[in-house]
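Heads up: the protein sequence lines correspond to chains A and B, in order. The numbering used here puts the first residue of the first sequence at 396, with every later residue one more than the last. The numbering used here puts the first residue of the second sequence at 3, with every later residue one more than the last.
For the record, the hints were derived by calculation from the structure and aren't laboratory data. Every residue, glycine too, gets a C-beta built ideally from N, C-alpha and C. Hints are not guaranteed to be accurate.
[As the list claims (entries may be wrong)] With a straight-line Cα cutoff of 35 Å, these simulated DSBU-like cross-link-like pairs (lysine-lysine) come out:
#1 B/LYS154 with A/LYS530
#2 B/LYS90 with A/LYS476
#3 B/LYS78 with B/LYS110
#4 B/LYS154 with B/LYS90
[What the hints assert, rightly or not] Derived contacts from chain A toward chain B, CB cut-off under 7 Å, selection only:
#5 PHE448
#6 GLY467
#7 VAL469
#8 LEU473
#9 TRP475
#10 GLY537
#11 ARG549
#12 PRO551
#13 ASP552
#14 THR556
#15 ASN587
#16 TYR646
#17 THR657
#18 GLY659
#19 LEU660
[As the list claims (entries may be wrong)] Covered by chain A, per the in silico footprint, the following chain B stretches (three or more residues, Cβ under 8 Å):
#20 164–172
#21 319–326
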Amino acid sequence: MAEPDVTAARGWRRRERRLTVGLLSAPLLWLLIFFVVPVVYVAAYSVGAIELFPTDAGVVSLDDWRRFLTGGSVYMSLFWKSIRISLTVSVGVVLLSYPVGYFLALCVKKRKYVLLLLIIAPFLTSYLLRVLAWKVILGDQGVINSFLFWTNVRSPDDPITWLLYSQFTVMLVLAYIWIPFVALPIFVSLDNLDRSFLEAASDLGASRWRAFVRITLPLSLPGVFAAFLFVFIPTIGEFVTPLLVGGTSGYLYGNAITDLFTRGLDWQTGSVLALFLLLVIAAVMAIFGRFVQVRSVAG
Amino acid sequence: MTDELDRMLARRLGRRDFLRTTGVLGTAAWLAACSRADPGPGAGGNPTTRPAIEEEPGGLQVFDWSGYGNGDFYPKEERKFLWGDYKKATGDTPSFVLFENDDAAYTKAAAGSAEFDVVHPCGYKYRDWVDLEAVQPWDTSLIPNFSQLNPKLTQSGVVDGQQYFLPMDWGFIAPLINADHVEPQEESFGILFDDRYEGKISWVDTSNMMYIAGLYLGVADPFDMSDEELAEARDFLISKKGLVKFLWNQSFDFWLSFKKEEVWIGYAWPDTVGYADAAGMNYRYMEPKEGRVSWVCGLGMAADTQNYHHAHEYADSWASTKAAEFLLGYYYYGHTNTEADLSVVSPGVVEALGLDDPTVLDPPRSIPESYIPRRDVYQQYWSEVLAA
Chain A
396 MAEPDVTAAR GWRRRERRLT VGLLSAPLLW LLIFFVVPVV YVAAYSVGAI
446 ELFPTDAGVV SLDDWRRFLT GGSVYMSLFW KSIRISLTVS VGVVLLSYPV
496 GYFLALCVKK RKYVLLLLII APFLTSYLLR VLAWKVILGD QGVINSFLFW
546 TNVRSPDDPI TWLLYSQFTV MLVLAYIWIP FVALPIFVSL DNLDRSFLEA
596 ASDLGASRWR AFVRITLPLS LPGVFAAFLF VFIPTIGEFV TPLLVGGTSG
646 YLYGNAITDL FTRGLDWQTG SVLALFLLLV IAAVMAIFGR FVQVRSVAG
Chain B
3 MTDELDRMLA RRLGRRDFLR TTGVLGTAAW LAACSRADPG PGAGGNPTTR
53 PAIEEEPGGL QVFDWSGYGN GDFYPKEERK FLWGDYKKAT GDTPSFVLFE
103 NDDAAYTKAA AGSAEFDVVH PCGYKYRDWV DLEAVQPWDT SLIPNFSQLN
153 PKLTQSGVVD GQQYFLPMDW GFIAPLINAD HVEPQEESFG ILFDDRYEGK
203 ISWVDTSNMM YIAGLYLGVA DPFDMSDEEL AEARDFLISK KGLVKFLWNQ
253 SFDFWLSFKK EEVWIGYAWP DTVGYADAAG MNYRYMEPKE GRVSWVCGLG
303 MAADTQNYHH AHEYADSWAS TKAAEFLLGY YYYGHTNTEA DLSVVSPGVV
353 EALGLDDPTV LDPPRSIPES YIPRRDVYQQ YWSEVLAA
C-alpha cells in the first residue's frame with residue numbers, strides 16, 4: 396500500500412515543481428530582459444566597454460568610477476545634496492501622514508475608505524499637471540502672492556520670490572506628490588492593528604499616550620518604514636520636479652544623470668551615476684527590508 | 003565564449019560588437035532586435051539605381067523639433083504650409099518623431115533609438131551627424147525650390163564638399179530686455195549678469211551659457227575654450243547665478259514669465275521677440291557688442307533611407323516660399339528662402355531681427371554658432387555651475 400502512495404506523492408511534487416517553474420518563468424524572463432540585461436548594458440557603458448559616439452575613442456577603464464567615488468567630480472556632492480533633500484522630504488511626509496493614517500484607521504468609524512479615496516484622489520491626476528499647478532500657486536503673481544497683495548501684507552512690487560524656483564519649492568512639491576503613497580501603507584498597518592492590545596492596555600490602566608508609545612507605534616513601524624521607502628527611493632533620482640520648479644538651486648543628482656545621457660553626450664559618466672544610484676538603492680532596500688514585512692502593509 | 007569575453011575585455015566595443023557578445027551569453031536575439039541597423043555611408047544606393055518614387059515604401063519619418071510639422075502648435079497651418087506640397091506631390095502623410103534639443107537628437111540617433119528618413123538639426127551639429135555616418139548628401143537638382151534659397155546660407159550645409167544639409171530656418175541668440183524697467187549701460191551680453199537686476203533675469207538651461215559667458219569674458223574662441231577658460235567661465239557663472247530667477251527649457255516658458263514681468267531680461271530666441279511685439283510690450287532685442295549668436299538649422303537625409311525621392315519632395319516643400327512665410331509669420335524665424343514676403347510679420351519684428359538687412363548675419367554683428375568639439379566638457383562645467 397505504501398509504494399503507490401510514495402509514487403503518487405512524487406508525481407504530485409513533480410507536477411507542482413513544473414507548475415512553479417511555469418508560473419515563474421514569464422516574470423523571470425521579463426525581469427531578465429527588461430532589468431538584468433539593461434543593467435549589464437549600463438555597467439558596460441560605465442567602464443567604456445561600448446562605443447556610442449564616433450568621438451568615443453578610448454580603452455576600457457575605471458577612471459570615471461574612480462573620479463566619481465573619490466570626489467574628483469561635482470557629482471558626488473550632488474548625490475549628497477539629493478540624499479539630504481530626499482531625506483528631508485521623506486521624514487517630513489511620514490510625520491505629516493502618520494496623524495492622517497492614525498485618524499482614518501483608528502478614529503473614523505464610517506466611510507473611512509471614502510476619506511482615504513479623497514486623500515489618494517490627487518494621485519489619479521497627471522503628475523506633470525500637479526507639479527505645474529504649483530507654479531500657478533507659488534509664482535510672483537500666483538495665488539499666495541496675489542492674496543498678500545490684496546491684503547496689503549506685501550506690495551505688488553515686492554512679492555515673495557523664494558516661493559518658486561528654490562530648494563524649498565522642490566521639497567514642498569515632492570512632499571505634496573508623495574503624500575498619498577505614504578498615507579496608504581501607514582493606514583494599512585494601523586488598520587490591521589489588533590485592537591485587543593489597546594483594550595488590554597486600557598484595562599491595565601495605561602494612558603492613551605502610553606498605549607500609543609508602547610503598542611500602536613511599535614506595531615505600525617513596518618508601515619512607517621515602508622512609507623518612508625516609498626518616498627525616499629524614488630525621490631533620490633527625481634528630476635522632473637527640480638527641472639520644473641527648482642530654478643538655479645534645485646538641480647539634483649537625477650538631473651545630472653538625465654543631462655549626461657542627453658545634452659552631455661557622456662554616457663560613460665551617466666552610467667556610473669545611474670549604476671551607483673542603483674547600488675545605493677539596493678543597499679537601502681537590503682537594510683530596510685528586515686523591518687518591512689509585505690503582509691503588514693499590503694492589507 | 004571565452005574568446006568573445008577576451009575580446010570584449012581587450013578593447014572597447016561598438017554597439018553591434020557588444021550585442022554579438024551578449025548574444026553568446028544567450029540574449030542576442032532580443033538585443034539585436036533593439037539595435038540600430040548599421041547604415042554605412044551611401045546605403046541608400048546610387049542615385050541612378052535607386053527605385054522611382056512610386057516604388058518607394060513612403061510613410062516618410064521625420065525626426066524634428068516639436069511644432070515643425072507634427073501639429074503641436076498650429077495643427078492645420080503646420081501641415082498646410084510645411085508639408086502640404088509634399089502631400090500633394092506624393093500622396094504620403096509623414097509621421098514625426100520629436101526631439102527636445104540637438105544633443106538629445108544626436109544621442110538618440112547614435113543609440114539607435116530613433117528611426118528616420120529626414121532629420122532637422124542645427125548647424126553646430128552638422129559635423130557630428132556626418133561623422134556618425136547617419137546622413138547622406140542631397141541631390142539639389144531634385145529640389146526645384148533650392149534655387150530660391152540664400153546661397154550664402156546653403157553653403158553652411160556643405161560638409162566635406164557635399165550638400166549634407168539644406169539650411170532652412172535661422173535666428174539669433176541675444177538678450178531680450180523689458181525697456182520699461184531695464185536701462186543697459188552698454189549693448190552687451192553683460193546685461194544677463196547685471197547685479198542691478200537680481201531676480202529679474204532668466205538664462206537658458208543648457209551648456210550654451212558657457213560660451214555666452216566666454217563671449218562676454220572675451221575668450222579667443224567661445225566654441226572651443228581651454229580648460230582654464232572654461233573654469234573661468236564656470237566661476238563667473240557661479241558668481242552670477244544668484245541673480246537668476248529661473249533657467250528656461252522651453253522658450254515659451256521664458257515668454258510667459260517675461261510677459262508677466264516676473265523677469266525683465268533673458269537669453270532669447272526670435273520667437274519671444276515676436277510674441278513681445280504682438281503683445282505691444284516695450285521691448286528691445288539687443289545687438290550686443292560681442293555680436294548676436296546666429297543659428298541656422300537644416301534638413302538632413304538618413305544614410306539608410308528607403309524614401310530617397312520622398313525625402314527630396316519633403317525638402318522641396320520646406321524650401322518653398324509658403325513654408326518660409328509660415329516660419330516668419332508664426333514663429334518669427336528667418337528662412338533661407340529669399341523670395342518670402344516679409345509683410346507677414348510686423349515692421350517692428352522685421353526691424354528688431356533685421357530680416358530685411360542682408361548684413362545682419364555677417365560678422366561682427368553676428369557670430370555663427372559653431373561646432374563645439376568638447377561639448378561633453380562644456381556640459382561637465384555647466385553641471386558644476388548648476389550644482390554649485
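Quiz prompt | Hints the structure fails to honour | solution = Numbers 1, 2, 6, 9, 10, 11, 12, 13, 15, 20, 21 - these are the hints that the structure violates, sorted from lowest upward.
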